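Student: Going down the list, the sequences are from chains C and P.
With the first letter of the first sequence counted as 1, position 425 gets the number 679 in my numbering; the numbers rise by one all the way through.
With the first letter of the second sequence counted as 1, position 181 gets the number 451 in my numbering; the numbers rise by one all the way through.
Read the hints as simulated data drawn from the structure, not as lab findings.
These numbers come from a predicted model, not from an experiment.
The C-beta atom is built at its ideal place from N, Cα and C for all residues, glycine as well.
Treat the hints with caution; some may be incorrect.
Below, computed lysine-lysine pairings styled on BS3-like, alpha-carbon distance capped at 25 angstroms [as the list claims (entries may be wrong)]:
1. P/445 <-> C/604
2. P/326 <-> C/395
3. P/367 <-> C/726
4. C/609 <-> P/284
Sample of chain C residues lacking proximity to chain P, with all beta carbon distances greater than 12 angstroms (derived) [to be verified]:
5. 266
6. 268
7. 314
8. 420
9. 433
10. 465
11. 570
12. 580
13. 582
14. 587
15. 605
16. 713
17. 715
18. 782
Residues per chain, in single letters:
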Amino acid sequence: MEAIRKVLEKYDNEYVEDYKPTWLKAKFTNPNDLLSIVQDLQAEGIKTCSTVSPTDFIDENKIEVNYFLEDIINKKNVWLKFDIPRELEACKIPSITPLMPSANWHELEAYSTFGVKFEGHPNLRYFLISADYYGKFPFRKDFDWKAHEQNLIQNIDEITSEWLDEYEENEKTLPKDGSKTILHWGPTHPASGPIRLKVGVDGENIQWVDPDIGYVWRALEHLVERKDFIGSIVAVERICFMDNPNPMICYSQAVEEIAGKEITRFAKLMRVVLGEIGRIASHLISMGGFFGNAGLHTFVMWTMDVREYFLDALEEYSGARIATACIEPGGVRYPLRDGWLDIVQKAIEKYESSKDEFFDIFINNPLMKTRAVANAIISKEDVVQNYMAGPIARASGVKVDVRIDEPYAGYDEIEFDYVTCENGDIYDRLHIFFKELDQSMDIIKQAIAKIQEGIASGEMNPQKDHLVRIPKKLPAGEAVTRIEWARGEILMHLVTQEKATNPYRLKIKAPSVNHTMVLDELLRGKTLSDIPLVYGSMHICQGDLDR
Amino acid sequence: MLVDIIKKMIRVSKSMTEDRLATKDASKDFVHKSEIFRGKHEILYDVCTGCDACNKICPVDAIVMKPLPLKRPNKIPEVNLAICIFCGLCEDVCPTKPKALKLSGGTFDMRAGGAHEAQDNFWVRVDVPQDWIEKKKEEERKKAEAAAKKKAEMAAKKKAEAEAKAKAEAEAKAKEEASKEAPTKEDNNG
Numbered sequence: 255m256e257a258i259r260k261v262l263e264k265y266d267n268e269y270v271e272d273y274k275p276t277w278l279k280a281k282f283t284n285p286n287d288l289l290s291i292v293q294d295l296q297a298e299g300i301k302t303c304s305t306v307s308p309t310d311f312i313d314e315n316k317i318e319v320n321y322f323l324e325d326i327i328n329k330k331n332v333w334l335k336f337d338i339p340r341e342l343e344a345c346k347i348p349s350i351t352p353l354m355p356s357a358n359w360h361e362l363e364a365y366s367t368f369g370v371k372f373e374g375h376p377n378l379r380y381f382l383i384s385a386d387y388y389g390k391f392p393f394r395k396d397f398d399w400k401a402h403e404q405n406l407i408q409n410i411d412e413i414t415s416e417w418l419d420e421y422e423e424n425e426k427t428l429p430k431d432g433s434k435t436i437l438h439w440g441p442t443h444p445a446s447g448p449i450r451l452k453v454g455v456d457g458e459n460i461q462w463v464d465p466d467i468g469y470v471w472r473a474l475e476h477l478v479e480r481k482d483f484i485g486s487i488v489a490v491e492r493i494c495f496m497d498n499p500n501p502m503i504c505y506s507q508a509v510e511e512i513a514g515k516e517i518t519r520f521a522k523l524m525r526v527v528l529g530e531i532g533r534i535a536s537h538l539i540s541m542g543g544f545f546g547n548a549g550l551h552t553f554v555m556w557t558m559d560v561r562e563y564f565l566d567a568l569e570e571y572s573g574a575r576i577a578t579a580c581i582e583p584g585g586v587r588y589p590l591r592d593g594w595l596d597i598v599q600k601a602i603e604k605y606e607s608s609k610d611e612f613f614d615i616f617i618n619n620p621l622m623k624t625r626a627v628a629n630a631i632i633s634k635e636d637v638v639q640n641y642m643a644g645p646i647a648r649a650s651g652v653k654v655d656v657r658i659d660e661p662y663a664g665y666d667e668i669e670f671d672y673v674t675c676e677n678g679d680i681y682d683r684l685h686i687f688f689k690e691l692d693q694s695m696d697i698i699k700q701a702i703a704k705i706q707e708g709i710a711s712g713e714m715n716p717q718k719d720h721l722v723r724i725p726k727k728l729p730a731g732e733a734v735t736r737i738e739w740a741r742g743e744i745l746m747h748l749v750t751q752e753k754a755t756n757p758y759r760l761k762i763k764a765p766s767v768n769h770t771m772v773l774d775e776l777l778r779g780k781t782l783s784d785i786p787l788v789y790g791s792m793h794i795c796q797g798d799l800d801r
Numbered sequence: 271m272l273v274d275i276i277k278k279m280i281r282v283s284k285s286m287t288e289d290r291l292a293t294k295d296a297s298k299d300f301v302h303k304s305e306i307f308r309g310k311h312e313i314l315y316d317v318c319t320g321c322d323a324c325n326k327i328c329p330v331d332a333i334v335m336k337p338l339p340l341k342r343p344n345k346i347p348e349v350n351l352a353i354c355i356f357c358g359l360c361e362d363v364c365p366t367k368p369k370a371l372k373l374s375g376g377t378f379d380m381r382a383g384g385a386h387e388a389q390d391n392f393w394v395r396v397d398v399p400q401d402w403i404e405k406k407k408e409e410e411r412k413k414a415e416a417a418a419k420k421k422a423e424m425a426a427k428k429k430a431e432a433e434a435k436a437k438a439e440a441e442a443k444a445k446e447e448a449s450k451e452a453p454t455k456e457d458n459n460g
């Protein structure tokens, strides 16, 4: 950490300070230093860009660009800040994509939503928004949403014609003879979900893949700004329906950090239990979905059956199965009712009774193995370079887990270790989920035992300890929190202003962005029949890809 | 190998005799239902204070406040179920006891009565009975009268007090002046 501090202090800065045990936070005065800072940091081992997050300070007429860079092997992270002018012509900063490929799509996203030009980016284009998006840069504070909506309604025909133009363009550029063509995999493909992969093929050999995303872009980061601190949880939880409680934990932690409140031990342990239930529900759907993508729908039914028991537990706790809204700033939303822990126990038993069959019939399936083993391998270097997160990284043998690296909620009280596979092929990326389920069951059991102990000894009051009041108005500040989501790390950057009743800016970094980014690399040279398998093995969710 | 096959055959034949979950009609009979299931809202018009807190916190603006010709509650929430996301925040902020607006424990049965029906049916409306309003109005009128009477009484009392005070002060002043004057006379005499 000291070496990194020395590197940062070499450049003109306003401050370099410690932030949490694993972070260094620094603000620099000259944006042109960025590239040399990043180069020096790379020599110190910080090789991964988690995300790029601009914040629009309209009153001070500046845009602050935040870089979150990580050393995922040695767990040292750096948070860099640069001020750049707000005017569109002068709103420029050098691109770090040539140095850190993991920043690629994050820079495109920042460009599309804030209009920050990244000079030197290999392919700077409009990303989530279309090229003819009315009134550019929707996350700027002076963006007129009403005028945009009106324009959308009036000019809907012209907007859809863009898509037809693309077809015509393809007709012209593709050679008339030969077997080259462009295929669209999705958004109506049964395995794709709302994403379109433009696949350039020669016969059935894939030459390139260009994912077209943004089909379910709901501007969640903006929606949060319109709601108050408590109401924001319903926007945050809609990142993805598969693992529901975890994003709310991340957001709530950020609010608690700014408010300076500590939640009770009971609430922390409840967050562990609810978070793991969410993870299990997501993992079951991911495992089933993998086979569903490959065309075998039996396993989806089996995993869904088990998942229902865990959803029962969520429903019994919060009153809803999918969109639970069960965690809010200050703790967990509902008191613990009698008998709830037994329902969780029942769900765990249900899984454990069907686990062996899952393994025998599906995870050990010889037909699947012939297609999956040693196919589309992600090496450790790829993980670091492209920032594969969570289970995808652990399948390649990289020891990453925010629950252990930067313990949050009650995870510091619980004993568990990194779960890893070695090869990083498609099979491992499926197998790791199966292994992690066991780990999650174990974590829940430990947490439940601790809660029961606490209640028995009178330390915890399950009726009253669940919530600590958070003031309605928060002071000015910013916080960065990370959690281990079912499919990787979520990082949230929350900015508030003095006496604020709603968030000023919330950046959500979700893992699927990087997982979709590498599809091109993984699929080149493979055949069309590999797409569902590779795509399924990355466990991509369009909800958190687009946000 | 053979043993394996026989094992699997036994397992399959066993599963044929097992009870099926799908013997229940899930539209009428729940496989699972939570006591606090967040369903259709119940609004108690006689408890509501019209404080507007549910309307303010609603993250999707599903709540519309219907005005009432009363002082309290001067408005009452109505929920558009087509917009509502059933997050339950409105119930959390409701300050009354028992809650005037409640979803938990509500029913899942929210059908609008067929696609041909207008969207307008998909609302939780509150039927406030006219006679209740009249009664409440009467109560409020009486209360207002009583308050006015009390106010008038208070004002009269205050006035009287003030007058008495002024009188007493004037008297005291006069007395003081008199006592001031008296010694001078005595001096003169002396």
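Student: Confirm or reject each hint.
Tutor: Evaluated hints:
1. P/445 <-> C/604: With a Cα-Cα distance of about 98 angstroms, the restraint between residue 445 of chain P and residue 604 of chain C is violated, given a limit of 25 angstroms.
2. P/326 <-> C/395: 22 angstroms, holds
3. P/367 <-> C/726: Holds, at about 22 angstroms.
4. C/609 <-> P/284: 19 angstroms, holds
5. 266: 43 angstroms, holds
6. 268: With a cut-off of 12 angstroms, residue 268 of chain C remains clear of chain P, as the shortest Cβ separation is near 37 angstroms.
7. 314: Since the minimum Cβ distance to chain P is about 29 angstroms, residue 314 of chain C lies beyond 12 angstroms and the statement holds.
8. 420: 35 angstroms, holds
9. 433: 45 angstroms, holds
10. 465: 29 angstroms, holds
11. 570: Violated, since 5 angstroms does not exceed 12 angstroms.
12. 580: Non-interface label on residue 580 of chain C violated, nearest chain P Cβ at 10 angstroms vs cutoff 12 angstroms.
13. 582: Check fails; 9 angstroms does not lie beyond 12 angstroms.
14. 587: Given that some Cβ of chain P is not farther than 12 angstroms from that of residue 587 of chain C, nearest at about 8 angstroms, it is violated.
15. 605: 16 angstroms, holds
16. 713: Holds, since 26 angstroms exceeds 12 angstroms.
17. 715: Given that every Cβ of chain P is farther than 12 angstroms from that of residue 715 of chain C, nearest at about 19 angstroms, it holds.
18. 782: 34 angstroms, holds
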